[in-house]
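Asks: The primary structure of each chain is shown beneath.
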Amino acid sequence: MPDPTPVTSCPMVREPLLSELSGPGRNGLTVPRPFAAGRCADIPAALNPPALPEISEVETVRHYTRLSRLNTGIDQGMYPLGSCTMKYNPRIGEEIASRIADIHPADEAALQPVLAWLLDLKATLEDLCGMDDSCLWPAAGAHGELTGMLVIREALRRRGDDRHKVLIPDTAHGTNSASCTIAGFTSVNVPSGPDGFLKAADLERHLDGDVAALMITNPNTLGIFEQEIDRIASLLHANGSFLYMDGANMNAIMGIARPGDMGVDCMHLNLHKTFGTPHGGGGPGSGPVLVKRGLAPYLPDPRIVRNAPGGIGLVARSPESIGMVHSCLGNVAVLLKAFVYCLSLGPDGLREASIRACLNANYLKERLKKVFDLPYPTPTLHEFVLSDRVQKVAGVTTVDMAKALMEYGFHPPTVYFPLVVPGAIMIEPTESEPVGELARFADAMGDIASRAETSPDLLHAAPRGTPVERIDEVWAARNLVLTWNDLNPSR
Amino acid sequence: MAFLPTSPDDLHELLSTVGIRDAEELFARIPEHVRFRGRLRVDGPMDELALRRMFRAGASAVVFLGGGVYRHYIPAALDALSSRQEFLTAYTPYQPEISQGTLQAIFEFQSMMARLTGMDAANASMYDGATALAEAALMALRAKPLRRIVVTRSTTPSYRAVLRTYLRNTPGVEIVEAPFDPATGRTDLDALERLLDSEAAFFIQQPNYFGVVEDLPAVSAIAAGSGFWGVVVTEAVSLGLLEPPGSSGCDVVAGEAQSFGNPASAGGALLGFFCVKKEHVRRMPGRIVGLTRDHAGARAFCLTLSTREQHIRRDKATSNICTNQGLCALRAAMYLSCLGPGGLREVALQCACGARALMQALQGKGLRPVFSGAVFHEFVVRMDPGTRARLAEAGIVAGIPLDPHYPELENALLMNVTEMNTHEDILCLTRHL
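Residue numbers (my numbering), protein chains in the order written: chain G, 1 to 491; chain P, 1 to 433.
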C-alpha cells in the first residue's frame, strides 16, 4: 500500500513454538563433562529430567534467527519513541563489555580494574549532572526512582519528619507514582500550566508541611524545558521539601544545563537512553541515582572507595545507608558500555549530541506541524508531542497512524502519552538520525495524513505487510494464555 | 564526531528548515543562570583502538566462586543469536505487530520457567534474584493481611538486605529470620514452626546459601500454616536436578536465572525470575506476555495484564518495574533450548559431582564440610585467612568468606564447583594447602 515503498519490513512467516518443534531425542548438544558422573546419591534428585523441549542446535539457531526477523531494531531505521531516546548503540561498547564476562563479582583481584572504571564513570555522571555523589547500582530507571525516593524518605526520617506527600506533574511517567508508593509516599497529581510547563505560582498552592518532594522530569515529556525550575526549587527548599528529577530526558541538555545547578537534590539517569546502551527488547538497562551532598549518607550499599586495603574496594555497610538495592553491583556490563559511550564522544561530543538531538526534533516538528495538530506551541528541545485532532475528524486516530507507520518501515513514536494530550503522538528522533532519514519520516507522516482524508479505511486496517496484522490485546487479557502449558496441558 | 551523522551541509539544511541561524537558539528558553557555560570533565574523545587498549581485564586463574552468581559454559550459538540487532536494539515490545520475535521468545521463556519451577505462570523477568524476592514479599502483602515476613537465615545475605530495603517503609510488618541447624546447615524446622502462622509470609531458599538442599516436603508441611509462602532459587541450574519447587505447593517461586546463558560479568546483568500459582497471576509484578491473535485470526503474542502496571495504574500498580532484563531472559530461553532436558540435567550433575570431587580432595587435606546436610554444588569449609591469602597469591580464589555475614561461622568459606572447573583446578588448589 504505501508509497514511498518500505525500506525495511519483517517477513510474513509463522514460527512454531519451541514446544511444537520438540521431539524426543532431537537434542544433541554435548555439554562439558570434566567430572566422572554418578556419585551424587545423597541428593534428593527428581526422578525425571526437567520438562523442557528437545530441539537440535541447528533448529535452535534457525528458530531464533527466524524470530529475530519478526522484530524491528534501530539498526533498521528510525525508532522515534518519545522519552525513550532510541539512539544508535555503538558496537564498541559490546566488545568492551564482553571483556568482563568471565569475572566473578567475588574475584576481588579481577574486579580491581572494573571498580576503577566505575569510579571514573561515577565522576563523569556527577560532573555531567552537577551533582555531588551517586550510586550506580539501580538496574533501570524505575529502580533508580525507587532508590532516590527511599533516600529522600531516609533523609526525612533522620530529621524526625514524617511528611508523606509527593507532588507529581500530570506530564510525568507512570513509574514516578508507582515508585513513590513502594517508598511509602502518597503521590499527588499537579496540573502543569497551559503552556506545558509547571508554574511556580501554581506549585505554591500545593505546598504545605506535608510535602516531602516534587518529582519533575526536565525537559518534561512534552519536550519543554521547565523554565521556572530554579524558582520551583527555591519554593520547595523553603518549604523543607526536596526536588527530585527524573532524568529520562537528559539527552536534551548534556553540557547545556545541569540539574544540580537548577536546585535538584536527587535524580536518576537512564543509561540505556541517554548513553546509547542497547535496550535489548526490554533491558537490561541502568538507572544510577545522583544526589547533592546532604543526601549522600543515605545512598545504597555498597560504596566504592579508592583507599581500601589492597586497592580500590567496596565498603559493604555505611551507617546511614538505606541498605542494598541489588544483589551485586547492578548491571555492570551496561555501566561499562555507558562509560565507553562517554569516552568515545568526549566533553564536546556529548554536548554536540544534545544540540543535534534538539535540532533534529525541531526539524521534524517544523515539518509536521503543518499537517498535524501541535497542542503546545511552546518551544521544545529533543522531542515534541502532536495529536490526532485534525485526522480524527475523518475518523482516523493515533493508533491507526502509528500502525500505518510500520508499513513505511518505521517503528511508531510513543503514543497516547503524555496523558495531558488526548491522542498524543510523541516524537523523539535523537541525534543519531541523518537528515535523509528524518525527511523520509516526515514524508511518511505527511503521506499518512493525506491518506487519513482520502482513504481512512486503509489506515484502520493497518498494519499490513507486517508478520501479523493488528493485534487483539483484549483477547489476550480475557483468555490469559501465559505459557504453552495453558495451550496444551498434556505436553 | 563519533556517532553523529550530520555533515555541515546537512546542518545547514536542518537550521534553515527550523528557521534559525545557530542551534544554540534552541536553548533560549533555558534561564541563563541555570545554563552550563563550563566544559564537561569527561575524558575523550577516544578512538576505538584506544578504547580497546584501555579496557583490559580478566578473571583469576582458578576460582571456586558461586554464592548467587555462577560460571557456566555458554554455547557459542548464544552470543551469535542474542547479538542480532533485531533483539539487541529493539525497545520493550509495546508495538506487538513488529515485535513478535521478542514477544514469542519471552512467552517461551515464561513457559520454560513455569515448567522448571512447577508453577502455573511466570513473568518476563525481574532485575535480579534479590529484587525478585523483595517483590514476592510485596506481592504477599497485597494478597493477605500480614504482620510478619519470615525469611531463612540461610538465604543469600544480599537478598535479605534488599528485602529489608524494599520493606523499610512498610509499617506494621516485621522481618524475622528463621535459624539454621548448625549441624546440618538446613533450616531448623522446630524453630520455623514457632515463627509461622496465618499472619506470616515465609520464604526459603533452595538450595540455601550454604549449598545445602532443604527438605522441601517437610518444610511445606509447616509452611502450609503460613499466610503465604515461597521458594527462592539462586542457582537455576539446580532446577535441572531437584524436584520442581512448585510441587511443594508454594505460592511463588522467585529467584535468579543468570546461570542460564548469562555470564558472571562482574555481577551484572543478572536475571531475576518470578513464577506463581494461577490465583496470584493478577498480583504479579512486571511484564507478562500472553498469547493472542491478530485481526485476521492468526496466532500472535502481546504484553498483557497491563492494567496491573505503572503506566496504567500509576500509584496503584502492582510494581514500578518498567525496563526489566529482557535480553538476559532471551538468552536464558536460548540456553534452555540449546541444552534441552538431558543437557540441563547433565550440567547439574556435573556441578554436583565436581563439588563432591573437591570435597573429597579437601578431606584428604583434613578440611571437612562444616555442615552434614547434602549439598548441590556448593559447600562450606573452614580455612584460615593465612591459607586463603597464600592461595590468592597463586591466583586461586578458593571461595567467599562467610564471617562478615555469619559471625558464628568464623573463617568459613563458601566453595563452589561448576562444569567450568576441572580436576586440574582441584589439584592446583590442594597442592597449595
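Read the hints as simulated data drawn from the structure, not as lab findings.
Incorrect hints may have been included.
Cβ-Cβ distance ranges computed for the label pairs, FRET-style [said to hold, decoys possible]:
| # | chain 1 | residue 1 | chain 2 | residue 2 | range |
| --- | --- | --- | --- | --- | --- |
| 1 | G | THR65 | P | ALA389 | 47 to 55 Å |
| 2 | P | ALA28 | G | THR65 | 26 to 34 Å |
| 3 | G | ASP373 | P | ILE312 | 36 to 44 Å |
| 4 | G | GLY446 | P | GLU24 | 25 to 33 Å |
| 5 | P | GLY38 | G | ALA461 | 30 to 38 Å |
| 6 | P | ARG52 | G | GLY436 | 27 to 35 Å |
If we take Cβ atoms under 7 Å as the criterion, some of the chain G residues that face chain P in the derived model are [as the list claims (entries may be wrong)]:
| # | residue |
| --- | --- |
| 7 | ASP127 |
| 8 | ALA200 |
| 9 | HIS206 |
| 10 | PRO347 |
| 11 | TYR363 |
Just so it is clear, the structure is predicted and the values come from calculations on it, not from any experiment.
Quick reminder that beta carbons are idealized off the backbone N, C-alpha and C, glycines included.
Asks: Out of the numbered hints, which ones does the structure contradict?
Replies: 2, 3, 5, 8 and 9
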